[in-house]
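A.B. asks: Residues 1 to 355 (the working numbering) make up the sequence shown, in order.
None of these hints come from the bench; they were simulated from the model. Just to be clear, a hint being listed does not mean it is correct.
What the hints assert, rightly or not - With a straight-line cut-off of 27 Å between C-alpha atoms, the simulated DSSO-like cross-links for lysine-lysine are:
id, residue 1, residue 2
1, K47, K72
2, K94, K119
3, K169, K119
4, K94, K69
As the list claims (entries may be wrong) - Taking CB as the label site, the calculated pair distances span:
id, residue 1, residue 2, range
5, R66, K228, 52 to 60 Å
6, P190, P297, 34 to 42 Å
7, R292, A218, 28 to 36 Å
8, G283, F226, 25 to 33 Å
For clarity, every value in this text was computed on a predicted model and none was experimentally measured. Each residue gets a CB set at the ideal place from its N, CA and C atoms; glycine is no exception.
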Amino acid sequence: MLMIRSDFDTLYEALLNRDPSYDGRVYVCVASTGIFCRLTCPARKPKRENCTFYETVAECIDAGFRPCKRCKPTTPQASADPVVKPLIEALEGKPGYRWREPDIVRMGLDPSTVRRAFKRHFGMTFLEMARQRRLQEGFSTLAEGGKVIDAQITAGFESPSAFREAFAKILGQAPGTFSQDPMLFADWVPSPLGPLIAVTDRTQLHLLEFLDRRALPAEFRKLQGFAKGNIGFGRTEITDQIQDELRLFFDGSSGVFETKLALHGSTFTRDVWRELLKIPAGGTRSYSELARELGRPEAVRAVARANGANQIAIVVPCHRVLGVDGSLTGYGGGLWRKQRLIELERSYSSNQNAI
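Whenever a hint applies, use it, and build me the whole structure from the sequences.
C.D. replies: Put into structure tokens, the structure is as follows:
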């Protein structure tokens with residue numbers, strides 16, 4: 001379990017400021033009401049003498065406190081937001097639709113409020129998410145053997161050049177340059193934190209990255225070098241396996257991934273990734289702790305670089321590495337995703353402890 005390194009005064013100040021960096025990592029239990037909350041709860045703040053801070057939902061429940069009905073600390077934050085839920089449902093119902101601000105207004109929502117809510121929860125606006133979703137539809141068409149023009153139409157792009165440019169921005173190459181006789185197969189898989197690109201062969205997972213990760217084009221080029229340019233569209237049984245395992249992970253049903261992994265990196269980098277695989281869901285490490293566990297206590301910076309070079313998101317859990325003071329540190333998928341993953345895994349861990 002991650003030990004709280006912040007003192008009471010720091011945590012109480014974070015509570016007063018509704019500091020989002022602690023969300024999902026620390027909860028406040030209020031003796032005067034018998035409830036526990038997120039530190040970001042919009043309710044009136046309690047007196048300091050009535051506050052106790054715990055790291056997990058399970059600890060709060062074990063201490064006899066019940067969850068707040070306003071901030072809903074036992075549920076993922078985005079699903080509790082009344083602005084987010086109807087738009088996510090609408091997007092899933094019409095994934096290929098070209099959403100615009102007038103559509104948001106017609107749903108009775110304020111565009112600026114929607115923009116802030118989506119940036120807070122997902123690190124992107126709703127319109128950016130909708131555009132990304134359209135690209136996923138085009139990607140699926142290609143993975144199913146469709147032509148580029150079919151993918152363009154499915155994705156709702158009127159201009160072929162705009163579709164090629166948008167596609168190349170994600171993977172670093174236009175759709176027409178992919179192999180027709182591939183050694184590795186690329187397809188996207190869904191997740192509550194946004195779509196991921198999975199690259200597999202018939203036996204192993206080679207890459208799993210969020211679609212909007214900035215390093216994805218560079219990682220894809222590196223993998224193209226390994227495959228000698230033979231990456232094409234499509235999926236294998238391994239793609240289906242990792243999609244099923246991710247679904248169970250996000251459902252809170254299983255924190256175990258059994259998909260066989262192909263780790264592409266130096267010997268030291270692979271050693272760091274294997275050490276990451278030993279961290280259980282709900283657990284965390286600091287870079288210095290990882291370095292010591294590897295028998296290389298002086299190699300903290302090298303460990304951090306290897307952690308950042310991870311190409312198999314979630315499964316190789318680089319998100320479980322925190323700063324030495326317990327703070328969130330850089331994450332290629334975005335700090336908001338790191339925070340959500342840690343929050344989800346703490347809830348999952350809490351459920352296990354309650355059994």
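A.B. asks: Can the restraint linking K94 and K119 be considered satisfied, given a maximum Cα separation of 27 Å?
C.D. replies: holds (21 Å)
A.B. asks: Within a Cα-Cα threshold of 27 Å, do K94 and K69 meet the stated pairing?
C.D. replies: violated (31 Å)
A.B. asks: Verify the proposed pairing of K47 with K72, using a straight-line Cα cut of 27 Å.
C.D. replies: OK: K47 and K72 at ~21 Å, within 27 Å.
A.B. asks: Is 34 to 42 Å respected by the C-beta to C-beta distance linking P190 and P297?
C.D. replies: With Cβ atoms ~40 Å apart, the hint holds.
A.B. asks: For the pair R66 and K228, does the Cβ-Cβ distance stay inside 52 to 60 Å?
C.D. replies: Given range 52 to 60 Å: holds, Cβ gap about 59 Å.
A.B. asks: Has the hinted range 25 to 33 Å been met by the Cβ atoms of G283 and F226?
C.D. replies: holds (31 Å)
A.B. asks: May I ask you to test the hint 28 to 36 Å on the CB atoms belonging to R292 and A218?
C.D. replies: holds (30 Å)
A.B. asks: Need the status of pair K169, K119: alpha-carbon distance at most 27 Å?
C.D. replies: Between K169 and K119 the Cα gap is close to 21 Å, so the pair holds against 27 Å.
In summary, the structure is inconsistent with hint 4 from the numbered list given earlier, while agreeing with all the others.
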